[in-house]
Amino acid sequence: MSEVAKSADWTGPVPAAGGALRGYAVWIAAALAFLVVPYVFSSGAGLTMLSLMGIMIVFTLSYNMLLGQTGMLSFGHAVYYGLGAFFAVHAMNAVTRAGLPVPVIAIPLVGGLAGLVFGIIFGSVSTRRGGTAFAMISLGLAELVASSANILRGFFGGEEGITTNRTKLLPVLGLNFGPQLQVYFLIAAWCLLCMIAMYAITRTPLGRMCNAVRENPERAQFVGYNPQTVRFIAFPLSGFFAGIAGALAAINFEIVNSSYVGLGQSGVVLLAAYIGGVGYFVGPVIGAIIVTYLQVMLSDVTAIWQLYFGLLFIVIVMFAPNGIAGLLAMHQPLWRAGVLHRLVPAYLVGLAPLAVMTLGAILAIEMAHRFAARASDGPDMAFLRIPLDVTRPLPWLVAAAMTIGGLLLFRRTWPYVASAWNEATITARGRGEHL
Amino acid sequence: MLELVIVSTLNGVLYGMLLFLMASGLTLIFSMMGVLNFAHASFYMLGAFFGYQISQWAGFWVALVLAPLLVGGIGALVERFALRNVHRHGHVPELLFTFGLAYVIEEVAQMVWGKLPVDFRAPAALDFSAFTIFSTNYPAYKMFMLFTAICIFAALLAVLTRTRTGLIIQAALTHPDMVAMLGHNVPRVFMLVFGVGTGLAAIAGVIAGPALVTQASMAGLLGPILFVVVVIGGLGSLAGAFIASLLIGLVQTFGVALNVSLADLFGAFGITVGPGSALSEIWTVTIAQIAPILPYLLLVLVLIFRPTGLLGTRDT
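In order, the protein sequences belong to chains F and A.
Read in my numbering, the first sequence has 27 at position 27, and its numbers run on one by one without any break.
Read in my numbering, the second sequence has 177 at position 177, and its numbers run on one by one without any break.
To be clear, the hints were calculated from the coordinates, so they are not data collected in a lab.
Heads up, the beta-carbon is just placed ideally off N, CA and C, and yes, glycines get one too.
A few chain F residues facing chain A, derived, Cβ under 10 Å:
hint, residue
1, Ser-126
2, Leu-270
3, Val-315
All chains, please: the whole structure from these sequences, using the hints.
Below, the structure is given as structure tokens:
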């Protein structure tokens, strides 16, 4: 039972009915945002990234149906994403070959159905048990599928993968979905649709029972619901949306290979959901946007971006287990009470040493990288355009001083930040906010 | 055929013992702290790399002693300064923390030692063939690995059953709250177990490094197998982990040696499947080709027929 008691604190507060997403206004705003952003970031790279974000939002939200809503930690969610992508790609090729009048808009449904069917098959094995056992089984199944993908080359296409051509399918309203902008709108439409559907599911009795199973499976059982059944229903549904995301990726890239079902992809979606915050519906959306942005931008800046990615994840797990959405939600009552601005000076004082520490740590990591892995490039490197020589002690001393000094200073400023926070919350409580 | 059986059995037992070196630490950590250490295979990898680096400077035998101590120390520090803080958020953040740790350790290893395998060799003193079965020369180093693994297994057994600390650990496996209630410093026992567990994984890394390939992806290759072992054996059962380790070791080595496909099997009964039929690949892949996925198939079968694992009693 101790596990049950603990499961309550990591999921964070359950969003109250209505809560942040009240009525239709939010969805209309989301639709407008989807319409406007491609004209703001209209470059080729911008459109590509927006498309990736749309795919990732669907995938991460589908993952959160398991982790956030039902409390099932899966290490193999890419199985349904990847199988959705493969079935979509084969469907597109089959449709093209047979000359059937099927538009590319309908293809995500194929991926969704593939995810649903495989969710039922694998879910019947894996959802019998919750907790750690479920996590391990999901990992085993993921490894099974990933290894099979390398053996069954006919279906999975081996390392080079399977290619397709989205423009060969039936055009809709004169659109052939060749240009990236048209693909973006296809992805955006499906993304919005899936977001609304997944949010609606959280509001149904099924969604509520999922939350109950997450919070306390035994009590859910007392109320008359079998937790195994609830998990077994939630699992294929989540696979359905993951399959849609996979199909969207297949349409976007026009190529699918075995890395789609791999453990790396499963890891990324877990990281994205958790960084965003699994206790909130918008959390995975935030996480998907940030992670996609980091994946694209950081990989341009540094060769070891995955290390920073992992470190960011560890920092979130250790210090902000409710994710970025959790941090934002903490400040919401203060903002409503109109006292948020009082925190700004304290935050600035706290953030300055934190920034120094982070910068020092990054400098040390970058120098270590140059020193160990890229020694052949010579000892001279540039950090923030400042030239330095990694074989000399001075830059190392500076990095160490910044990291350790920043840490010590940050600990000094912490009481000040904490007292500012306390004062603000007391005022907010006085103005009728619940904290 | 007899040659194949004997050599495969030897290799299987050897691989199984290596798996058990890691699975034992993983099981101890899981039973006591309730956290499945995702980064366990990463400590094994660190052991191999530390072993390689130290053997470059001071020779293999020094490395065999120093590397596990260093890695165990790192493990204890991780428990003390990170895992213990995450513990209050619950089990899922703990599992996720070790997941992130595995990610970071692999990246760091890649950064320091590169992506390509390093040249970690068995010491010259063990570089001869121990004996010859039929026509196969069996290397002495493999016998040394087997011997080391068995010694550590015996030592672990002795510590767990004969010493005071071992008794506390055994008690904490089943009744952690009661052990704390009796006044034992459970957090310190946790730190000790985590350090020893990761140290055991590092020993496996040092002795496996020269025989297998020492590279940054070795953790990712072995980690999932390790979880299969622990789940098949039954989460939290040391004896189960032992049986499952040997089972998986044997299944994998025999799997690689068998060059039979479903088509051959059915062909023996006069049933033939044309190459053009659907999923013809399923018929033509040999057992040797699917050897890597056999442990996972076994996992699924065990979970269908015995959801708690072979000797497991716990439900999670």
